[in-house]
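Peer 1: Turn these sequences into a full structure, and let the hints steer you where they fit.
Chains A and B are the protein sequences, given in the same order.
Each residue of the first sequence is one higher than the one before, counting from 1 in my numbering.
Each residue of the second sequence is one higher than the one before, counting from 1 in my numbering.
Keep in mind the hints are simulated off the structure, nothing from the lab.
Beta carbons are placed, not taken as given, at the ideal position from N, Cα and C, and that holds for glycine.
Please note that a few of the clues may not be correct.
Claimed, not checked - BS3-like cross-link-like pairs, simulated, lysine-lysine; straight-line CA separation at most 30 Å:
#: 1; chain 1: A; residue 1: Lys113; chain 2: B; residue 2: Lys44
#: 2; chain 1: A; residue 1: Lys299; chain 2: A; residue 2: Lys95
#: 3; chain 1: B; residue 1: Lys327; chain 2: A; residue 2: Lys139
#: 4; chain 1: A; residue 1: Lys95; chain 2: B; residue 2: Lys44
#: 5; chain 1: B; residue 1: Lys43; chain 2: A; residue 2: Lys95
#: 6; chain 1: B; residue 1: Lys43; chain 2: A; residue 2: Lys113
#: 7; chain 1: B; residue 1: Lys119; chain 2: B; residue 2: Lys139
#: 8; chain 1: B; residue 1: Lys119; chain 2: A; residue 2: Lys94
#: 9; chain 1: A; residue 1: Lys94; chain 2: B; residue 2: Lys327
#: 10; chain 1: A; residue 1: Lys94; chain 2: A; residue 2: Lys132
#: 11; chain 1: B; residue 1: Lys43; chain 2: A; residue 2: Lys139
#: 12; chain 1: A; residue 1: Lys95; chain 2: A; residue 2: Lys168
#: 13; chain 1: A; residue 1: Lys94; chain 2: A; residue 2: Lys113
#: 14; chain 1: B; residue 1: Lys44; chain 2: A; residue 2: Lys132
#: 15; chain 1: A; residue 1: Lys139; chain 2: A; residue 2: Lys94
#: 16; chain 1: B; residue 1: Lys183; chain 2: A; residue 2: Lys94
#: 17; chain 1: A; residue 1: Lys139; chain 2: B; residue 2: Lys44
#: 18; chain 1: B; residue 1: Lys327; chain 2: A; residue 2: Lys95
#: 19; chain 1: B; residue 1: Lys119; chain 2: A; residue 2: Lys132
#: 20; chain 1: B; residue 1: Lys119; chain 2: B; residue 2: Lys107
To be verified - Stretch by stretch, here's where chain A covers chain B in the computed footprint (C-beta under 8 Å, at least three residues):
#: 21; stretch: 108–119
#: 22; stretch: 239–253
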Amino acid sequence: MTLGGAAPEPLVHIQDFRMDFGEKTVIRDLSFDVRAGETFGFLGSNGSGKTTTLRALLGIYQPTAGTLHIGGKPFSPRDGARLGYLPEERGLYKKESVLDVMVYFGRLKGLDKSRARTWSREYLDRVDLGDKAATRLDKLSGGQQQKVQLGVTIMNDPELLILDEPTKGFDPVNRRLLMDIIDEQKLSGATVIMVTHQMEEVERLCDRVILLKDGTARAYGTVSEVQEQFGGTRYRLSYSGTLPASARYDVVSDAGGNAELSPRGGTDEAAVLRELIDHGVAVRSFTSARTSLDEVFIKVYGEQPELAEARTR
Amino acid sequence: MTHHSTLPEAPAKAAPAPVPPRRPFARHNLRTVIAFEFTRTLKKRGFWIATLAIPVVIAIVFALVYLSNSSTEARSDAQKTASFSFTYTDDSRLVSDTIARAIGGTKASDAETAIRDVKQGRSDAYFAFPAEPATQTVKIYGADRGIFENGKYDAVAKQLLTVSAQAAVGSPQLTAAASGDVKTEAQTFKDGRLTGGIGSAIPPLMFLVIFYVSIILLSNQMLSSTLEEKENRVTEMILTTLNPTTLIIGKVAALFMVGAVQILVLLTPVAVGFLFFRDKLALPALDLSTITFEPGPMVVGALLLLGGFTVFTGVLVAIGAVMPTTKDAGTIFGPLMALIFVPFYAISLIISDPQAPIVQVFTYFPMSAPVTGLLRNAFGTLSPLESVIIIVELLVVGVLILRLAAHLFRYGSIQYSGKLSIAGTFRRRGQARGPAAGK
Chain A
1 MTLGGAAPEP LVHIQDFRMD FGEKTVIRDL SFDVRAGETF GFLGSNGSGK TTTLRALLGI
61 YQPTAGTLHI GGKPFSPRDG ARLGYLPEER GLYKKESVLD VMVYFGRLKG LDKSRARTWS
121 REYLDRVDLG DKAATRLDKL SGGQQQKVQL GVTIMNDPEL LILDEPTKGF DPVNRRLLMD
181 IIDEQKLSGA TVIMVTHQME EVERLCDRVI LLKDGTARAY GTVSEVQEQF GGTRYRLSYS
241 GTLPASARYD VVSDAGGNAE LSPRGGTDEA AVLRELIDHG VAVRSFTSAR TSLDEVFIKV
301 YGEQPELAEA RTR
Chain B
1 MTHHSTLPEA PAKAAPAPVP PRRPFARHNL RTVIAFEFTR TLKKRGFWIA TLAIPVVIAI
61 VFALVYLSNS STEARSDAQK TASFSFTYTD DSRLVSDTIA RAIGGTKASD AETAIRDVKQ
121 GRSDAYFAFP AEPATQTVKI YGADRGIFEN GKYDAVAKQL LTVSAQAAVG SPQLTAAASG
181 DVKTEAQTFK DGRLTGGIGS AIPPLMFLVI FYVSIILLSN QMLSSTLEEK ENRVTEMILT
241 TLNPTTLIIG KVAALFMVGA VQILVLLTPV AVGFLFFRDK LALPALDLST ITFEPGPMVV
301 GALLLLGGFT VFTGVLVAIG AVMPTTKDAG TIFGPLMALI FVPFYAISLI ISDPQAPIVQ
361 VFTYFPMSAP VTGLLRNAFG TLSPLESVII IVELLVVGVL ILRLAAHLFR YGSIQYSGKL
421 SIAGTFRRRG QARGPAAGK
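Peer 2: What follows is the structure in structure tokens.
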């Protein structure tokens with residue numbers, strides 16, 4: 001089966017998805033699409049429903065209501081889709097050797113034994129685990145196990161790669177390595193859905209995002225659109241003189257010769273700067289910046305401990 | 001902050017080339033699962049320690065028996081031919097003086113003198129043969145030569161009486177006939193056809209032995225096989241890679257193969273001992289010519305074994321899917337294992353009165369049906385109709401339980417911290433299936 005195919009429909013299609021656990025509704029009326037070839041950020045605080053949505057999409061949970069399709073139909077491993085899934089709750093057969101486990105999953109994902117073995121060795125060399133091929137998994141560190149798990153996830157050259165908090169447990173060096181590998185997958189044409197609390201990763205990698213809060217979508221679109229929706233562009237300037245009142249902008253802050261302005265109605269930075277100069281303001285510096293996703297997050301979720309922690313990592 | 005490009009920096013090392021799968025994703029997965037589960041079990045040191053422990057113990061016991069028997073036999077032979085002086089009195093008049101003299105015996109005039117001679121070391125032993133040796137005790141008085149050496153007095157006294165009796169009868173055949181040392185061969189008939197007797201019961205009983213050995217040796221592995229995915233957090237990777245039914249069937253098939261290896265390892269020392277050292281090990285003679293293989297009971301036995309194995313495997317796998325840890329599963333596992341031994345409490349009824357109500361209950365209750373059915377099949381009290389009913393019941397129940405086990409694995413194996421609500425997994429679509437916590 002080819003996930004994307006020539007069908008005009010999106011690769012992942014979720015429509016009116018609802019999920020109840022007993023009396024508790026954890027997801028309600030969630031709808032979004034993921035297009036073939038894009039990298040999609042699936043964002044939200046803990047308990048907002050991200051992992052539940054992914055599990056329902058992959059048939060691990062039975063949804064209460066709604067449509068969850070991959071490649072135009074509900075996912076089933078029987079269909080032979082080239083899927084790579086790195087779950088949040090992750091682990092492998094700890095008593096087995098690294099190579100045996102990788103070859104096993106490679107076989108399950110459709111590779112023949114020798115190819116699975118060759119690919120695994122090449123991958124292990126790349127992530128500096130070449131000498132650990134015969135080592136039992138429980139003898140590896142947590143980060144090393146994560147690398148093996150990532151290898152298992154991508155070894156079938158997935159068309160759809162779903163990564164639930166992929167950088168969890170990685171140090172900065174290995175996080176960079178992981179990001180490189182995700183980049184390569186993306187460049188090779190894979191569609192990537194990524195759950196993460198690392199906003200800089202989202203801004204660097206993702207084409208579009210959805211923000212989930214309490215089981216509902218709070219924002220959905222390109223990264224720029226979401227930034228725009230929750231604050232848009234800001235102009236920061238250092239000056240001397242007096243800021244004039246203007247229909248072109250609002251003054252967000254103004255103290256000690258430093259100000260932040262919010263443009264109105266799509267006014268561009270040149271028009272604002274010209275107006276300031278025309279009114280005799282001596283502008284020493286002027287920069288334009290979008291609201292960061294970090295700031296968007298804080299606006300949507302408030303300062304939550306896990307987000308604060310993620311931002312400091 | 002501006003939106004960065006998604007283009008990455010060049011990686012330090014080249015990634016392995018993408019691998020297009022050469023064969024369809026879902027094919028051959030059963031074979032892969034079986035091979036993986038089978039080989040990894042055989043690679044475990046613990047498996048071989050557990051598997052070889054019993055044969056090693058058997059081999060040690062056999063070796064001890066062998067050495068002991070060799071020593072005993074030599075000592076016995078030595079004792080039978082032991083040369084020592086003894087006196088005897090014979091109220092039975094069965095003992096031949098000639099024979100007694102030939103082996104060093106002298107007839108004593110009276111018992112008191114003979115006993116005194118032994119006490120004072122003038123004679124090694126004195127035997128007092130009573131009037132009725134068959135019902136009365138032959139009294140032996142001897143000089144103490146140690147616990148084991150003293151056995152020669154008993155051996156010589158008996159030998160003297162036996163040889164004297166044979167000489168009196170004048171025919172070894174008559175002696176054998178008189179002592180009941182004869183062989184018989186019985187033929188029984190049912191509906192005009194020759195029945196096999198006990199010889200025909202032995203082959204179908206082997207299925208019962210295989211059933212017990214498989215369940216006892218493999219039950220722990222069956223239980224832990226699905227718990228392993230849960231405890232190692234492999235479940236989500238597995239569920240998105242292959243169908244849980246394929247995984248379960250693969251595990252069961254691999255366990256069956258592992259069981260076959262274990263049985264082979266267990267039987268090897270027994271077979272070697274029987275074939276090459278039977279006499280030395282004092283193993284009973286097995287006259288294979290009396291064994292008959294009747295197709296009907298053999299086929300029924302094989303199917304009962306298959307059905308019983310399926311039922312028990314399914315139940316154990318289901319327990320593994322429901323319970324969060326091996327320790328928790330153990331609380332259910334014990335009573336379940338007891339169920340397969342329950343029919344043996346009524347074994348005499350099962351064999352002699354198969355229509356007794358308790359036997360009928362055991363015959364049709366799925367957990368006791370395999371053992372009861374296999375026993376009745378071996379002893380010829382299971383009618384063809386009953387055989388069909390039990391086999392169909394076991395296979396249907398077994399398949400249903402395996403399907404239930406796969407279902408529970410699918411929805412229970414991602415419940416990492418608590419026991420699964422089985423009812424919860426069957427809620428209609430209006431209620432989601434899965435752990436009661438969303439993320």
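Peer 1: With a C-beta cutoff of 8 Å, work out whether three or more residues of the stretch 108–119 of chain B approach chain A closely enough for the coverage to hold.
Peer 2: violated (count 0)
Peer 1: Going straight from one Cα to the other, do Lys113(A) and Lys44(B) come out at no more than 30 Å?
Peer 2: Holds, at about 21 Å.
Peer 1: Given the hint that Lys43(B) pairs with Lys95(A), does the C-alpha gap stay at or below 30 Å?
Peer 2: holds (11 Å)
Peer 1: For the pair supplied as a hint, Lys95(A) and Lys168(A), confirm whether the alpha-carbon distance does not exceed 30 Å.
Peer 2: holds (22 Å)
Peer 1: Is the Cα-Cα distance between Lys94(A) and Lys132(A) 30 Å or less?
Peer 2: holds (13 Å)
Peer 1: Is the Cα-Cα distance between Lys183(B) and Lys94(A) 30 Å or less?
Peer 2: The hint is violated at about 61 Å.
Peer 1: Between the alpha carbons of Lys327(B) and Lys95(A), is the straight-line distance 30 Å or under?
Peer 2: Within the cut-off at roughly 19 Å; holds.
Peer 1: Assess, step by step, whether the Cα of Lys94(A) is no farther than 30 Å from the Cα of Lys327(B), and give holds or violated.
Peer 2: Answer holds: Lys94(A) to Lys327(B) is near 19 Å, not above 30 Å.
Peer 1: Between Lys94(A) and Lys113(A), is the straight-line Cα distance small enough, at 30 Å or below?
Peer 2: Answer holds: Lys94(A) to Lys113(A) is near 21 Å, not above 30 Å.
Peer 1: Check whether the Cα positions of Lys44(B) and Lys132(A) lie no farther apart than 30 Å.
Peer 2: holds (19 Å)
Peer 1: Starting from Lys119(B), check that the Cα of Lys132(A) is at most 30 Å away, please.
Peer 2: Violated, at roughly 81 Å.
Peer 1: Taking only the CA atoms, is the gap from Lys119(B) to Lys107(B) under or equal to 30 Å?
Peer 2: holds (17 Å)
The structure fails hints 2, 8, 16, 19, 21 (numbered hints given earlier, in ascending order).
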